[in-house]
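Participant: Here are the chains, one letter per residue:
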Amino acid sequence: MHALVAGGADIVEMGVPFSDPMADGPVIQRSSERALKYGVTLRDVIGWVAEFRKTNTETPVVLFGYANPIETMGVETFAKAAKAAGADGALVVDYPPEEAEQLVTTLGAAGLDTVFLLSPTTSDARLAQVAALGRGYLYYVSLKGVTGAANIDVADVAQRLARIRSHTKLPVGVGFGIRDGETARSIAQVADAIVIGSRLVQEIESAPEDAVSRAQAFMADIRTAMDRDIQGHPPRGLPSGRAA
Amino acid sequence: MRVYDLPDAKGHFGPYGGVFVSETLISALDELKAAYARYKDDPAFVAEYEYELKHYVGRPSPVYHARRWSEHFGGAQVYLKREDLNHTGAHKINNVIGQALLARHLGKPRVIAETGAGQHGVATATIAARYGMECVVYMGSEDVKRQAQNVYRMKLLGATVVPVESGSKTLKDALNEAMRDWVTNVEHTFYIIGTVAGPHPYPMMVRDFQAVIGREAREQVSAMTGGRQPDAVLACVGGGSNAIGIFHEFIPDESVRLIGVEAAGHGLETGKHAATLCAGRAGVLHGNRTYLLQDDNGQIIETHSISAGLDYPGVGPEHAWLKDSGRAEYVAVTDNEALEAFHKLCRLEGIIPALESSHALAYAAKIAPRMRKDQILLVNLSGRGDKDMHTVAEKSGIQF
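Chains R and C supply the protein sequences, listed in that same order. Position in the first sequence (first residue = 1) + 31 = the numbering used here. Read in the numbering used here, the second sequence has 209 at position 227, and its numbers run on one by one without any break.
Everything labelled a hint here was simulated from the structure, so no lab data went into it.
Below 25 Å or equal to it, Euclidean Cα-Cα: the simulated DMTMM-like pairs (lysine to aspartate or glutamate) are:
id, chain 1, residue 1, chain 2, residue 2
1, R, 111, C, 278
2, R, 68, C, 277
3, R, 111, C, 277
4, C, -8, R, 155
5, R, 68, C, 278
6, R, 114, C, 278
7, C, 15, R, 155
8, C, 15, R, 132
9, C, 15, R, 129
10, R, 200, R, 187
11, C, 127, R, 64
12, C, 355, C, 331
13, R, 85, R, 107
14, C, 15, C, 231
15, C, 305, C, 236
16, C, 355, C, 311
17, C, 151, R, 64
18, C, 254, C, 147
19, C, -8, R, 129
20, C, 15, C, 32
21, C, 355, C, 319
22, R, 114, R, 41
23, C, 348, C, 235
24, R, 114, R, 132
25, C, 22, C, 12
26, C, -8, R, 132
27, C, 151, R, 236
28, R, 111, R, 132
Facing chain R, a subset of chain C residues (Cβ under 10 Å, in silico):
id, residue
29, 4
30, 7
31, 12
32, 149
33, 155
34, 157
35, 166
36, 266
37, 280
38, 282
Everything numeric in this text was worked out from a predicted model, so none of it was measured. Ideal Cβ positions, reconstructed from N, Cα and C, are used throughout, including at glycine.
Using the sequences provided together with the hints, build the complete structure.
Facilitator: Structure follows, in structure tokens:
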């Protein structure tokens, strides 16, 4: 996590492994399977956030995962533990707003943000609903499909973001399909943040022994590409950044 | 009689059911909900569905009084609802026809399905051939090995079978993979879920398409017994579609006991079983809140049953509600008890039942002897056992 921040990440999204990651592509699926093989639990992940906070009190950390491990721990217990560890928010992939009111209330009471997803197929009526419930930032999933999918259409993303911003003042991060510095750079021109997951995990998976240095170098490349355009322009909302 | 009108508009059966999916799937589910609402009472759609059930599936399936088997117990009279006589050999096709017709009305040329034992995959491949649709079936790579014959049947019918290598490589992982396909190809693809689980509207829709089983059976039993109703209705429960199918018509009539029979595998105490309602606890998986077999950290655990069709760590949310509300009872029988019932039915009635259905038969065999001779048990014989020859032979030490 420290290496990612050193490489230029502004927010870190920390995945919580689940046995059935229905919305994830093969890269994140394998990372979940590896973590579970080593017995990684939600409590472990929360513990690592606390560990990270010993030397970094600045970079926001958002826990990212599925509902069942959280429900098993108990939403209230989870909220308290995550807050105590120093987490800033949570994104629960399989809690759409229809089912998330209790989560939002409980996390909110503990001082945590609930981050929601938006997709290209989200209707205007739902945009308003998600915007009203969401806290911290919104995560626009730029493609149909699962995490790690290919290709992203910048003009299309720009158009969607304009529509989203007519419903919310929350910063909007864009993810799914951002694979290198060039795509990161073009998306960063229209979004408040870019989100990179699968591509970073791939980097770690390809050489586990050098994971830390490779992850940092990968992030640094992305950061450099993005910052080429930002010469003194104050970013809107969030700093132009990305989470891992 | 009580009015029973679950689920509510958001797909909840009490605290269970609902829509627990990523935002990327919401619009596809909304489209499906709208389509189902539009067509389910549309006279032309209903007529088409009923025509197919009659002329292609062979409905109504008979109810059969298993006299010799009943005499063997010396207690209750056992009647069998013969879903094994349907085209493709199980109840699965009732639902597949309904969903495939919806797919046609929505103009989707491609259907996908998940399958465990292969019965739902075969039914989907069958209908896809019948309607000229492209068909892709996801199947855990472990199941592909165990059910080679059904894999070949699907291929004969023109379907593509995709082995799933993730997770435990079984039914639950096949369902995950089918969802991933659907979210990627939703414009031209219809996902035909095989059981009463998944996000709303699937549990309701699949139930409605299977409810024909109970509607027929109620009239048939009444006609055969001078207007009587069964004292109890029994069905095996994996995901629970055949059980909901036969239960649904009887839910308002509280004089009829409803008994769902789960797979106790090697025994509940061994931990090697698939008895979700008997031994699980509530959680969220595959788009709905329901009972799950899971560890202390909320990770889904691997299940065991001799019958691949019951080998699933979740269960339909309506069953979770029927259990909590006390309207239905859920019990479990072991692999060996199911096998014993399998052999008994073969020898005494000349019917080779599916190993799944043999679980319901095994529990009937437990309670029938303690009942009066004028009492009636109705068992859903949800499928035939041809697909299980290999498994049963192996258990008996026979190679072929």
